[in-house]
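Enquirer: Chain order of the listed sequences is A and B. For the record, in the first sequence the residue sitting at position 2 is 66 according to this note's numbering, with numbers rising by one throughout. For the record, in the second sequence the residue sitting at position 169 is 170 according to this note's numbering, with numbers rising by one throughout.
Hint data in this document are derived by calculation from the structure and do not stem from the laboratory. The beta carbon of each residue, even a glycine, is placed where N, CA and C say it ideally should be. Hints are supplied without guarantee of correctness; some may be wrong.
[As the list claims (entries may be wrong)] With the C-beta cut set under 8 Å, the calculated list includes, among others, these residues of chain A facing chain B:
#1 95
#2 99
#3 100
#4 123
#5 125
#6 128
#7 132
#8 133
#9 136
#10 164
[Stated by the list, open to error] Pulled from the structure, derived: some chain B residues nowhere near chain A, Cβ distances all over 12 Å:
#11 17
#12 19
#13 26
#14 59
#15 60
#16 61
#17 65
#18 66
#19 68
#20 89
#21 208
#22 231
#23 234
#24 250
#25 251
#26 253
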Amino acid sequence: MSTKLKAAVAADAPRLSLTEKDGASFLCAGGAWTVNVAAELDGRLSRLSLPSGESVVLDLSAIDSLDTAGAWLLLRTERALLRRGNRVETRGLSPVFAPLLAQLRAASAQAPVLPEREGAPAVAAFLARIGEMTLALLGRGLGMIGFLGLVAATGLSLLRHPRRLRLTATIAQMEQTGVNALPIVGLLSFLIGIVIAYQGSDQLRRFGAEIYTVNLLAVGILRELGVLMTAIIIAGRSGSAFTAQIGTMRVTQEIDALHTIGLDPIEVLVMPRLLALFVTLPLLTLFADFMGLLGGSFLSAIALGIPAQEFMSQLRLALSPWTLWIGLIKAPFFAVIIALIGCYEGFQVSRSAESVGRLTTLSVVEAIFLVIVLDAAFSVLFAVLKI
Amino acid sequence: MSGRKTRGERVIRVRGLVNRFGAETVHDGLDLDVFRGEALGVVGGSGSGKSVLLRTIIGLNRPEKGTVEVFGEDVYRISERERHELEKRWGVLFQDGALFSSLTVAENVAVPLVEHLRLPEPLIAEIVAFKIRLARLPADAATKFPAQLSGGMRKRAGLARALALDPEILFLDEPTSGLDPIAASELDSLIRDLKSSLGLSVFLVTHDLDSLFAICDRIAVLVDKRVRVGTLDEVSRDDHPWTHSYFHGPRGRAAELQKAQIG
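Could you build all of it, start to finish, from the sequences and the hints given here?
Expert: So this is what it looks like as structure tokens:
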């Protein structure tokens, strides 16, 4: 540390003494009374046995530096002395520090106390918390249904006036959510194909039925995993982006500006995102299906010795006319869920920047949760329909 | 221009400062001094680099050329530890308070105390409550979060945090912008009182002529990528076109008139 800084930090040490003379107590303070030594001073002051009902002189003449923390300690001591029924005379403070003490005295006419944060008994607090969370959840659900209605109404009016659709914004969103997501969706699906083929073949080999790995792949990826993986990736990638984008616009009051200019934020911000995802998610799913099968056939060729031609002919046998469609048909529904939740949570952002982060996390969690719930519901539905 | 009278210790010394962003030069060979116990007001048009100057002095924006010394230490050449010691000796109030949004006002004010000093917890609570009152915030603001406060209260809370460690220099970035005139003049008088009672040096970036009149001992006008420094009288007699229209435009005259009536 340089000498200049050290000198400033280690100014002369604080001094404090309590003496008695001619029936009066003298509390003498000296040296540096600053925030750097406040802890030491605090300790020494609390160890002092203060007199009661006497006349006390608070002699400050030896103080050579004083800041607000030191001044507070002086004021606090003076008050403690007064509370004990002493007559207190404060004297000797250098005129340099007089304005400081005067101002602080004025600022703390009443002793400053921090109000306690409200606390309730543990059980009651726990129950209250459950209640609050339940109400908040119900409120969210209602809010989302309301938002769905708002979007549906806007969508219907767009059907009547298709020229009001923001085509440029929609296509830009398609590029963002679709084209730019191709690499990550493709790579992950390819890897999932490899993993499934490997794990499946390991089990099926025991029955000498390795060739059925292809059936496992076809059904697993086309019906379920292709679309589910894609939806989860897009919820993490685009759903979060929707919340962050719209949320930031809330913080900077851009949404309010849209309103005042007479533009409908739903029409301008939500519809392009919703439409874009509605189109791109099925297409991405198709791509994911293809890449997943490619990954599976790659592993089959290398590890199982099933050549590509045999893979193809077995695939043709494994596929029913519905297999591909059952996966694809879910994609638009997932798209609506992701886009609606992403946008809805964006609109929930208050004016603080912190809520953008919180709601972005929330929107991804909610979107993935609802996508999986809906997927389960589809499974039940298809089981009932026997397809 | 003057500014060379004996004024005691220099707390800030800027020499030959050059700041460039891409092709745009913001500062070109800027020199500036701030002396202990004085309040220096920095004015200039939008985009003239007032806030950049402040950020450069407090070590947030490494300049392309030139030296910045605070308390005789070159801000950009000292070690991490020395920086740490230096930061204990200044307080900064950013434009919108820059309070940590996940902490309450009281917790915000406590951050520097907890980080830099080992103090017993009750004492920290006392000092925090005291600073909050010193910044003239109502006591119930202490447990509120920044998002629940008005702009003026956020600035006061930011000021309370900047004052937490009893700094020797207070940096203020447009403390009165966005406040109503009453709140603004209250903040001005608060800063002036704190300056005189705590012996603070103040580095004030502002657009607000009233703040200049109320607080500042000297004024630095940022024109042509440098500063012209002087007392209010000297600067307002300067014949640079921007300076002239700043001090003698309708708003400048109004503020001056008000000052004359009060003083």
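Enquirer: Now look at each hint and say whether the structure bears it out.
Expert: Hint check:
no.	hint	verdict
1	95	16 Å, violated
2	99	5 Å, holds
3	100	7 Å, holds
4	123	21 Å, violated
5	125	19 Å, violated
6	128	13 Å, violated
7	132	5 Å, holds
8	133	6 Å, holds
9	136	5 Å, holds
10	164	4 Å, holds
11	17	22 Å, holds
12	19	26 Å, holds
13	26	29 Å, holds
14	59	16 Å, holds
15	60	15 Å, holds
16	61	19 Å, holds
17	65	25 Å, holds
18	66	24 Å, holds
19	68	16 Å, holds
20	89	8 Å, violated
21	208	21 Å, holds
22	231	27 Å, holds
23	234	26 Å, holds
24	250	29 Å, holds
25	251	29 Å, holds
26	253	31 Å, holds
Hints 1, 4, 5, 6 and 20, counting from the list given before, are not met by this structure.
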